[in-house]
Amino acid sequence: MTQINVRVDGVTYSDDVEPRTLLVHYLREQLGKVGTVIGCDTSNCGACTVHLDGAAVKSCTVLAVQADGVEVTTIEGLAPQGSLHPVQKAFHEMHGLQCGYCTPGMIMASVDLLKENPDPSETEVREGIEGNLCRCTGYQNIVRAVQQAAGEMRGSGNGHVSPAEVDTAAAPHVAAQQ
Amino acid sequence: MIPAAFEYARPTTVDEALQAIADGGDDVKVLAGGQSLIPVMRLRLAAPETVVDLARVAELRGVRDDGDAIVIGAMTTHHDVMIDPLVQQYAPLIAEATETVADRQVRARGTFGGALVHADPAGDLPAVALALDAEFVIAGLQGRRTVPAAEFFVDYLTTAVEEGELLVEIRIPKLAGEWGMRYEKFNRVAQAWSIVAVAAVVRRENGRIAEARIGLTNMGSTPLRATAVEAALAGAPASPETIAAAARSAAEGTSPSSDLNAQADYREHLAQVLTRRAVTAAAGL
Ligand SMILES: Cc1cc2nc3c(=O)[nH]c(=O)nc-3n(C[C@H](O)[C@H](O)[C@H](O)COP(=O)(O)OP(=O)(O)OC[C@H]3O[C@@H](n4cnc5c(N)ncnc54)[C@H](O)[C@@H]3O)c2cc1C
Ligand code: FES
Ligand code: FES
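Chains as they are written, first to last, in our numbering: chain A, 1 to 178; chain B, 1 to 285.
Treat each hint with caution, since some may be false.
Derived contacts from chain B toward chain A, CB cut-off under 8 Å, selection only [claimed, not checked]:
{"id": "1", "residue": "Met1"}
{"id": "2", "residue": "Phe6"}
{"id": "3", "residue": "Tyr8"}
{"id": "4", "residue": "Pro11"}
{"id": "5", "residue": "Val40"}
{"id": "6", "residue": "Arg44"}
{"id": "7", "residue": "Val51"}
{"id": "8", "residue": "Ala55"}
{"id": "9", "residue": "Pro92"}
{"id": "10", "residue": "Ala95"}
{"id": "11", "residue": "Glu96"}
{"id": "12", "residue": "Ala102"}
{"id": "13", "residue": "Arg104"}
{"id": "14", "residue": "Val106"}
{"id": "15", "residue": "Glu135"}
These are calculated hints, taken from the structure and not from any lab test. Only a predicted model underlies this, so the values are computations on that prediction, with no experimental measurement involved. Note that beta-carbon positions come from the ideal geometry of N, C-alpha and C, so glycine has one too.
Same shape as in the complex, but just chain A:
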């Protein structure tokens, strides 16, 4: 066992961990921070993204002992209790999710991207969150959500983009039955 001192979402913890414990398992199982999820075994999906001293990392590819002395922020600590971070709010408003499994990681990666580039183009958003995979949305509304949040965070308020046009008309064979 190795002792670690970490600050997670503003609270300081001092814990003994096995060196082989992955940070994501420490967060979920020892601290109960289940907002951060695990989506793969190959460091590809980004669902487990958290911030270490402000930088987005894949917490399944960091050992808990490597977080010793570091400030960790998870999706649960992004905004004060009861409120939403502008990026969380934009994902909600722009339908930037369907099943929601990729969402915590998407949001944490996007917050990191916007810190570096407050006004990203569509391509810059896509490249900026390339480390996060979504199986549901097709990414369109995720990109819109990030741009919407960027506008709000820049304070201009005119970063508004409309949600994707969705053709809700019934398919022909259904329409025929009506």
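Starting from the known structure of chain A, arrange chain B with the ligands on it as the hints suggest.
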């Protein structure tokens, strides 16, 4: 999956790290950014007895000016390499290639030295180091030695760094004269490794290509120099026709593999196309 249990050492100097490796038993692994090692340990393809974490060895981080070279500490992260002013001034090729490595999360932790010692044939930085004639400073308990890039990459996932040794820093010679550089990478999806990539470094003089150095990624078990193209370009006029003709020999002397991503003959074709593009851009055309 979770890695198998191991002993964990966290030294703060290179000397302490070398001692920890010596004391660590039969199977010791050095941990840099962990972006290749941790996935491999999670899949239990590696189960070291001891892991020596270099994170606290401050002397291994950062980029410095050393007169005729810039020196990149092995533990400098991909992110820090990309934004470093010395790298951007003297070796923009490294910044350009590093930007194509993985994604922001992996670049925040993965290191320049780790990527070079890992020596994955599809890794982007080995071919770049080869094209820039980098020198590798390796430390052992007996002292330090410097290995040129041409001798550093020995085989698939194997370098000149022996058991018990550490890669300490990488020296990138400053180039004199008018040089242009370009990294051309071909892959299909986001955060994917190179199917083939080409690093070109070209010196122009009076409308001619005085010297060209071309590194190939994923055209064999180690990064390779496209020596036939380099010879054809030396002293040739800097024109699209000459470059296109020279690039046709880019696959000479290579032995690319066939895998899920591409057949060997397709990789040979890609090497030619990407060499033409990279040299053309590096020559400023
Ligand atoms: C999803 C994903 C996508 C990726 N895509 C790419 C890509 O497109 N292109 C690319 O080039 N790379 C890619 N990588 C790999 C990435 O560049 C890694 O950062 C790199 O391969 C390893 O660097 P590291 O610092 O994380 O090393 P580690 O994983 O810590 O170590 C790797 C190996 O090198 C040894 N080692 C490390 N440092 C030293 C040292 N100083 N002295 C002696 N031995 C040492 C370790 O013992 C280990 O065997 C990807 C990784 C992931 C997870
Ligand atoms: S769980 Fe998929 S990258 Fe971490
Ligand atoms: S919303 Fe389901 S994976 Fe992205």
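Quick rundown of the hints versus the structure:
1. Met1: For methionine 1(B), the interface hint holds, since the closest Cβ of chain A sits about 6 Å away, which is under 8 Å.
2. Phe6: Result: holds, 6 Å to nearest chain A Cβ.
3. Tyr8: Since the shortest Cβ distance to chain A is 4 Å, the answer is holds.
4. Pro11: violated, 14 Å
5. Val40: Where the cut-off is 8 Å and the nearest Cβ of chain A is about 10 Å from valine 40(B), the hint is violated.
6. Arg44: violated, 11 Å
7. Val51: holds, 7 Å
8. Ala55: Holds - the Cβ of alanine 55(B) comes within 8 Å of chain A, reaching about 6 Å at its closest.
9. Pro92: violated, 19 Å
10. Ala95: violated, 15 Å
11. Glu96: Nearest chain A Cβ about 14 Å off; hint violated.
12. Ala102: Holds. Min distance 7 Å.
13. Arg104: Holds: closest Cβ of chain A sits about 6 Å from arginine 104(B), inside 8 Å.
14. Val106: holds, 7 Å
15. Glu135: This interface hint is violated because 30 Å lies over the 8 Å limit.
The structure shown violates the earlier hints numbered 4, 5, 6, 9, 10, 11 and 15.
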